[in-house]
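S.K.: The whole structure should be built from the sequences, with the hints applied where relevant.
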Amino acid sequence: MTTSLASSILVTIIGEAVLQDRLIQLLTKLGVSGYTIIPAQGAGSHGKRMGDMAGYNTNVEIKTIVTPATSEQLLENLKPLQSNHALIAFCQTVNGLFD
Amino acid sequence: MTTSLASSILVTIIGEAVLQDRLIQLLTKLGVSGYTIIPAQGAGSHGKRMGDMAGYNTNVEIKTIVTPATSEQLLENLKPLQSNHALIAFCQTVNGLFD
Amino acid sequence: MTTSLASSILVTIIGEAVLQDRLIQLLTKLGVSGYTIIPAQGAGSHGKRMGDMAGYNTNVEIKTIVTPATSEQLLENLKPLQSNHALIAFCQTVNGLFD
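Residue numbers (this note's numbering), protein chains in the order written: chain X, -5 to 93; chain H, -5 to 93; chain A, -5 to 93.
Do not rely on the hints blindly, as some may be mistaken.
Claimed, not checked - Here are the simulated DMTMM-like cross-link-like pairs (lysine to aspartate or glutamate), alpha carbons at most 25 Å apart as the crow flies:
id : chain 1 : residue 1 : chain 2 : residue 2
1  : H       : K73       : H       : D15
2  : H       : K57       : X       : E70
3  : A       : K57       : A       : D93
4  : X       : K73       : A       : E70
5  : X       : K57       : H       : D93
6  : H       : K73       : A       : D93
7  : H       : K57       : A       : D93
8  : A       : K57       : H       : E66
9  : A       : K73       : H       : E70
10 : H       : K57       : X       : D15
11 : A       : K57       : X       : D93
12 : X       : K57       : A       : E70
Said to hold, decoys possible - Partial chain X-side listing against chain H, Cβ under 7 Å, derived:
id : residue
13 : I8
14 : V12
15 : I32
16 : A34
17 : Q35
18 : G38
19 : A83
20 : F84
21 : Q86
Keep in mind that the hints were calculated from the coordinates and are not lab data. On a predicted model such as this, the values are computed, not experimentally measured, just so you know. Quick reminder that beta carbons are idealized off the backbone N, C-alpha and C, glycines included.
M.R.: This is the structure:
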């Protein structure tokens, strides 16, 4: 029972749902073909400033497993979105079975 | 292409959906203004004891990015909830772009 | 304010929703009684080959906290599923409050 596990970078992006198409286009541009999308609700500093009714924003969480180089490019490309949109993104090294 | 990444603590709380308001109040009390909420289904030792029909409970997953000190306070404050509710919480160090 | 935290392995499995029952049976077989299920949408190499209409598959994300030995068994048992199904799985060490 030995499992040969690959090591990769899990990137999690959480942002306003309105960004979903743009985020997928960015992933495609960077050659990332696999990702997972989960609808979420969020509150945050941006969210509160925007003053939406229920105090929550409709967010989306996108996860992808990429190489260290791609994760760096991805975060670099996400940075400009932060000036106008509620968005966070973070990286974690994971070991596992990848497609 | 150099991305200056901040290092922070990702805290993930998974508990019964009935706890949602109380968890958000706790986050607010600790000065945490940003978090993400995702509805989930769960099974677990508590869940099984509660004998709900489908074998699943309605759970909620709350994620937040905080400082190490706040993550410690948060877990300390969550501990008492575990005696009466199905609840887990865990911390991970992440690098990324935060709001 | 000292929190005695346990260290455990968080295993995240993301696969086609059609695998959900089989994945839960596998968890049960390995003695894993606690897990969380979140519906998700996914795109990936397998997904694209399957040519579903919207370009997305209906996926499911299952998370569980287990011992290192169980995480290894779990991934070993998941491996064969990858030949016929879109499925990824990865492990992370986490510290926290567990049930």
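S.K.: All hints, please: hold or fail.
M.R.: Evaluation of the provided hints:
As the CA atoms of H/K73 and H/D15 are separated by approximately 16 Å, the hinted pair is consistent with the 25 Å bound. Distance restraint check for H/K57 and X/E70: the Cα-Cα separation of roughly 23 Å lies within the 25 Å cut-off, and the hinted pair is therefore satisfied. At most 25 Å may separate the alpha-carbon atoms for a hinted pair to count; A/K57 and A/D93 meet this at roughly 14 Å. The suggested pairing of X/K73 with A/E70 is violated, with an alpha-carbon distance near 38 Å, which exceeds 25 Å.
Distance check on the hinted pair: X/K57 and H/D93 sit about 18 Å apart at the alpha-carbon level, within 25 Å; holds. Proposed proximity of H/K73 and A/D93 is supported: the alpha carbons are some 10 Å apart, at most 25 Å. Between the alpha carbons of H/K57 and A/D93 the distance comes to roughly 18 Å, so the proposed pair stays at or under 25 Å and holds. Between the alpha carbons of A/K57 and H/E66 the distance comes to roughly 23 Å, so the proposed pair stays at or under 25 Å and holds.
For the suggested pair A/K73 and H/E70, the alpha carbons sit about 38 Å apart, so the restraint of at most 25 Å is broken. Note on H/K57 and X/D15: the hinted pairing holds, with a Cα-Cα distance of about 23 Å set against a maximum of 25 Å. Our distance criterion of 25 Å between C-alpha atoms is met by A/K57 and X/D93, whose separation comes to about 18 Å. Distance hint between X/K57 and A/E70 is fulfilled; the C-alpha atoms sit about 23 Å from each other, no more than 25 Å.
For X/I8, the interface hint holds, the least distance from its beta-carbon to any beta-carbon of chain H being 5 Å, beneath 7 Å. About 16 Å separates the beta-carbon of X/V12 from the nearest beta-carbon of chain H, more than 7 Å, and the hint is not met. Nearest Cβ of chain H to the Cβ of X/I32: about 6 Å, under the 7 Å cut. The hint holds. Proximity of X/A34 to chain H holds as hinted, the smallest CB-CB distance being about 5 Å (cut-off 7 Å).
At a threshold of 7 Å, the smallest CB-CB gap from X/Q35 to chain H is about 4 Å, leaving the interface hint in force. The criterion of a C-beta within 7 Å of any C-beta in chain H is met by X/G38, whose closest approach is roughly 4 Å, and the hint holds. At a threshold of 7 Å, the smallest CB-CB gap from X/A83 to chain H is about 5 Å, leaving the interface hint in force. At its closest, the beta carbon of X/F84 sits 3 Å from a beta carbon of chain H; the interface hint therefore holds under the 7 Å criterion.
A cut of 7 Å between beta carbons decides the hint on X/Q86: the least distance to chain H is about 6 Å, and the hint holds.
Of the numbered hints given earlier, the model fails hints 4, 9 and 14; all others are met.
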